[in-house]
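**Q** Sequence:
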Amino acid sequence: MTALQGQLIASPRVPGNRLGFSGHETFAFRYGWLKKAVDAVRGDPQALSGDQAVVDLGVGKNMVQSIRHWGLATQVLQEGAARTLEVSPLGSALLEEWDPYLEDVASLWLVHWWLVNNPVRAAVWHLAFTRFSSPDFNKLQLLAFLTEVKERGELRVQESSLSRDVDCFVRCYVVSRGAEKGLMEDSFDCPLSELGLLYGLKDGDGYRFAVGPKPGLPAELVGYALLEHMAHARQGRNSIAFSECLYGLGSPGQVFKLDENTLVEHLEALEEITEGALEFDDTAGLRQVYRRREVEGEGLLRRYYGGRA
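Going by our numbering, the residue at position 151 of the sequence shown is 151; the numbering climbs one at a time, nothing skipped.
Think of the hints as simulated: they come from the structure by calculation, not from any bench. Predicted model, so just to flag it, every value in this text is computed and none were measured. Treat the hints with caution; some may be incorrect.
Pairs of lysine to any residue residues, derived as SDA-like cross-links and limited to a Cα-Cα distance of at most 20 Å, are as follows [unchecked claim]:
1) K202 / P135
2) K35 / P135
3) K61 / R30
4) K139 / G204
5) K150 / S163
6) K35 / G20
7) K35 / R121
8) K61 / Y31
9) K61 / T84
10) K257 / K61
11) K202 / R171
12) K35 / P89
13) K257 / P89
14) K61 / T26
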């Protein structure tokens, strides 16, 4: 077994080494799509499966399939019995309670976290943010990396599917030319392009991950992500090394592209927010994060959304 294949199989977020590709019909999701998906499924668990959805949603058949895909990929929907769909608990909380129209940038960070941590539905997004180590790249370089994953991991995916996924991945995060002056609900740009995680280089052929502070990313959401990461990567242990929080596969540092100082600021804020339930120990050169008592990630999210002005 190669080192790369071992990493894939060992990942707690890739059950049975199942990575999912395509399904988006080449569309990056647009403003309002996730809310449409939740509303449709709340009314009818089969709403996104039949021809009637074309009429009800007022879009083409391929776009209906894309809306269905993105609802599942972002985890605001989940599969139910007999090929039906259900609104997920957190999908309901976000889109039926906290922020139905994703007006708060923090909500986009949350959707980004759910998407990247769903390799069964969005493998390229997962691999690009958690295993692709190049800060600067072009589409061919990312495709070459994914092809290596395919060959070494013996993944069943066509090269053409990988190429389409790379194109869609870039469109999710890079603002299209002419749209820099403002993103609006009827824009064809993906809401995730507001996050500024990926931008085009001046030469016009490449892209760069933006590592550093992230405007609109609250400490509570970082705490939610950290607790999820600890549950998966540390298997319930109550401590985690700072380096794992920053550089570990699927860690908040990797998924949000944080630098060291920014993560420290979030951890210090979390210690205050949780009244010491999460403690950042920076003494004796051994930096660790400890969970001193029970604290729930969803509780941190509810605290954030409940405290907004």
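**Q** All hints are to be evaluated individually against the structure, with a verdict given for each.
**A** Each hint, compared with the structure:
A threshold of 20 Å between alpha carbons decides the hint, and for K202 with P135 the separation of about 15 Å falls inside it, so the pair holds. For a cut-off of 20 Å, the pair hint linking K35 to P135 is broken: about 33 Å separates their Cα positions. Our distance criterion of 20 Å between C-alpha atoms is met by K61 and R30, whose separation comes to about 16 Å. Distance check on the hinted pair: K139 and G204 sit about 12 Å apart at the alpha-carbon level, within 20 Å; holds.
For the hint pairing K150 with S163, the CA-to-CA distance comes to about 12 Å; that is within 20 Å, so the pair holds. Simply put, K35 and G20 have alpha-carbon atoms about 23 Å apart, too far for the 20 Å limit, and the pair is violated. A threshold of 20 Å between alpha carbons decides the hint, and for K35 with R121 the separation of about 19 Å falls inside it, so the pair holds. Distance hint between K61 and Y31 is fulfilled; the C-alpha atoms sit about 18 Å from each other, no more than 20 Å.
For the given pair, K61 sits about 18 Å from T84 by alpha-carbon distance, which is consistent with the 20 Å threshold. With a C-alpha separation of about 35 Å, the suggested pairing of K257 with K61 is violated against the 20 Å cut-off. For the suggested pair K202 and R171, the alpha carbons sit about 17 Å apart, so the restraint of at most 20 Å is met. Between the alpha carbons of K35 and P89 the distance comes to roughly 14 Å, so the proposed pair stays at or under 20 Å and holds.
A C-alpha spacing of about 27 Å is found between K257 and P89, which places the hinted pair above 20 Å, so the restraint is violated. For the suggested pair K61 and T26, the alpha carbons sit about 13 Å apart, so the restraint of at most 20 Å is met.
In the structure shown, a violation is registered for the earlier hints numbered 2, 6, 10, 13, in ascending order.
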